[in-house]
Amino acid sequence: MRHVPTLMRRELAAYFLSPMAFLILLAFQLIAWFNFWELLDGLIQSQHNLSSRRDPLNTYISQSIPFWVGLLVAIPALTMRLLAEEKRSGTIETLLTAPVTESEIVVSKWLAGVVMFWVILLPFAVYLPFLYYQAKFYFDPGPLVALAIGLTSLGMMFVSIGLFFSALTRNQIIAAIWTFAILFLVVFLTLLLYFYVGSRRGEWAEGVRYFAVLLQLESFGLGRLDLRYIALHLSVSLFMLYLTVKALQSRRLG
Amino acid sequence: MIQVDRLTKHYGSYKAVDGITFSIGRGEIVGLLGPNGAGKTTTMRMLTTYLSPTSGRASLAGMDVIDSPLEVRRKVGYLPENVPLYLEMRVREYLTFRARLTDVPRSKRRSSINHVIARCRLEDVENRILGQLSRGFRQRVGLAAAMVHDPDILILDEPTSGLDPIQIREVRALIRELGDRHTVLLSTHILSEVEAVCGRAIIIAQGHLAVDEPLDRLQSESLIILQARGPADAIKRALESLPGVERARSTTQDDQLSTFEIKTTEGADLREELAGRVCQNGWALRQLEIRRSTLEDRFIQAVTQETMKAQSELEAV
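Those sequence lines, one after another, are chains B and C. Just so you know, we're using the working numbering here: the first sequence kicks off at 1 and counts up by one. Just so you know, we're using the working numbering here: the second sequence kicks off at 1 and counts up by one.
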C-alpha cells in the first residue's frame, strides 16, 4: 500500500484541474447558504413555541431535501471518472504494468473520493462559527461531531458504490447513471419500505428502519453515535471495494 | 532476457495468439511484425502482465509473468499503443509520478528523471502541460516514462505510429541508442522500421509465429530466376544436379518455354554455372537473373501462407 499517497495525490489534483469539483462546490455552497438562512429563520421563531420546532441540525443538513438531491447528483459526478476515464484513455494500462497492485489503485481512488466528499461538505461547516461566535448561539458541538462521523461513513459507502460502477464501464455517463439509480434506491426505497412495513407489520418495522439511510442520518444528527450504522456502512464499503478489485482483475482473463 | 514458450491467448473461442515460442537475448533490438490484428498487442500485453495467458509460459529477466507479475513489471518498461498519458499533468510532474510508482529510490529520483529528460530531449517542454504537447513530444514523454526506472527490458507498442517523418527518424534514433543498454522489443507494421532499427524480426500472422530470423539472414536470401527453351523435366533434373542448388521449382510452362525459381544454399550466386549447364545441353537460355529477397517479400509470403492455412482450417471445420 506504499503507492497509495502517490496515486491519491494525482487523483485529487485531477479533480481540481477540471471544472467538475468547482461546480459541485458552488452548488453545495448555494444549498448551504439557503439552508443556513432557513435554519436562522427557524431559530428566531422557535423562541415562542419550542415544542413544535424541528431539530435545528437536521433542518440544516441531514433532513434537508436540497442537501439530499445535491448529494445524489454530486456523488455520481465525483465517482464516475475515477476508473472509467482511465479505461477510456488507456492510462489504466500504464498503471497496471507498473509495479502497483489492483488493490492499491482501488483504495487510493476510493480515499480520494472520500476526501472529495468531505471537501464538498465544507460549505456547510463555514457558516457554523458565525452562529456560535457572532450570533452567540452556543449550540452543543456533540451532535455535530456525531453527524460528521455518520456522514463520513455514509460517504465512504456511497463513494465505494460509485467506484464500483466506474470500474464496470469505460463510459463515464453510464457509470454516473448506474450510481445515481442505485443511490436513489438506497436512499428513498428504504424509506418508503419503512413507511409501508410500519403501517402493515409493526414487528418488522424496527429491522427495516435500520436500513433506511435517511433515518440513520437523522439519528446521527440527534447526536446518537450508533455503531451499528457505521458497521453497516463500512461493511458495504469493503464489499464494494472487493468487487471493484475483482472487476479490475477480470481484465486479465480477457 | 525474454523467454516465451507456447504462449496462447484465447478471447472466447477466438485464438488471438496461438502457441508462439521465441527467446530474446540481452541487448537485442527485436521487431515484432505482423498485419493489423495479428496478435502483436496481445502478445505484448501478456509479456507486460496486463493480460494473463490462456496457456503457455513467459518469463522476463528470469521472472515468470504469472507467478511474479510485480517483479516482472519492475524489470520492464512499457509504452502502450497510442501513448496514454494523464493530459492534465506537466511533463516533469508526470515523470516524477511514474518514478514514484516504479519505486525509484528517493535519493535517485531527481537524477534519473533528469537523465531521461536529457535522453529523450524533453528539456524545452519539461514544464508544459501534456495535453498541449504535439504527438511527437507525447511519444517521447511516453518513452521517458517507460525508462525512468532504468528497466532491463523495454517493450514498445508501435512507437512511431502517428508521427511525421522527421519525428519518426528521431524516435528511431532514440531506440537505436537505447539498444546498447536495454533489451528492446518493439511492434510495428511498418517494414522499413524494422530494417532501420532492429537486428532481428519476428513475424506473427493469425496468432502464429511465422518467421523468427536475424535481419541480415532475412535479407541475404536470394532466388535465381531462369527461363529456358526445352523439356521442363529434363531442365529441372539438370539444374538440380548442379552442386549448390537446393531445389528448382518450375513456375510457368508455355509450349517449349519454362521458367524456374532456383534456391541455392546460403544464397550463393550460381548464375554462371547455371548458364553453362543449360548451354551444355543445347537448350536456349532466355532469361537469367538473381533476386535478393527483401523483408517485404518474406513478410507477404509468411502472411499469405498463414492466411491460407487459416482458411483451409475453416473450410475443414
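Since the hints were made in silico from the structure, they are not lab data. Computed from a predicted model, the values in this text were never measured in an experiment. Mixed in with the good hints there might be a few duds.
[Said to hold, decoys possible] Think about it this way: if two alpha-carbon atoms lie no more than 20 Å apart in a straight line, the pair counts; the simulated EDC-like pairs of lysine to aspartate or glutamate are:
id : chain 1 : residue 1 : chain 2 : residue 2
1  : C       : K263      : C       : E240
2  : C       : K75       : C       : E88
3  : C       : K236      : C       : E213
4  : C       : K263      : C       : E296
5  : C       : K75       : B       : E102
6  : C       : K15       : C       : E296
7  : C       : K236      : C       : E195
8  : C       : K108      : C       : E81
9  : B       : K87       : C       : E296
10 : B       : K246      : C       : E88
11 : B       : K87       : C       : E88
12 : C       : K15       : C       : E28
Evaluated hints:
Proposed proximity of K263/C and E240/C is supported: the alpha carbons are some 10 Å apart, at most 20 Å. Taking the CA atoms of K75/C and E88/C, the gap is near 28 Å; set against the 20 Å cutoff, the hint is violated. The suggested pairing of K236/C with E213/C is violated, with an alpha-carbon distance near 30 Å, which exceeds 20 Å. Taken as a hint, the K263/C and E296/C pair is honoured in the structure, with Cα atoms around 18 Å apart against an allowance of 20 Å.
Distance check on the hinted pair: K75/C and E102/B sit about 19 Å apart at the alpha-carbon level, within 20 Å; holds. Between K15/C and E296/C the CA atoms are separated by roughly 25 Å; this puts the pair beyond 20 Å, and the hint is violated. At roughly 35 Å between alpha-carbon atoms, K236/C and E195/C are farther apart than 20 Å, so this suggested pair is violated. A C-alpha spacing of about 29 Å is found between K108/C and E81/C, which places the hinted pair above 20 Å, so the restraint is violated.
Among the hinted pairs, K87/B with E296/C is inconsistent with the structure: their alpha-carbon atoms are about 36 Å apart, more than 20 Å. Between K246/B and E88/C the CA atoms are separated by roughly 28 Å; this puts the pair beyond 20 Å, and the hint is violated. Restraint check for K87/B and E88/C: the C-alpha separation of about 16 Å stays at or below 20 Å, so the hint holds. The hinted pair formed by K15/C and E28/C fails the criterion: a straight-line CA distance of about 28 Å is larger than 20 Å.
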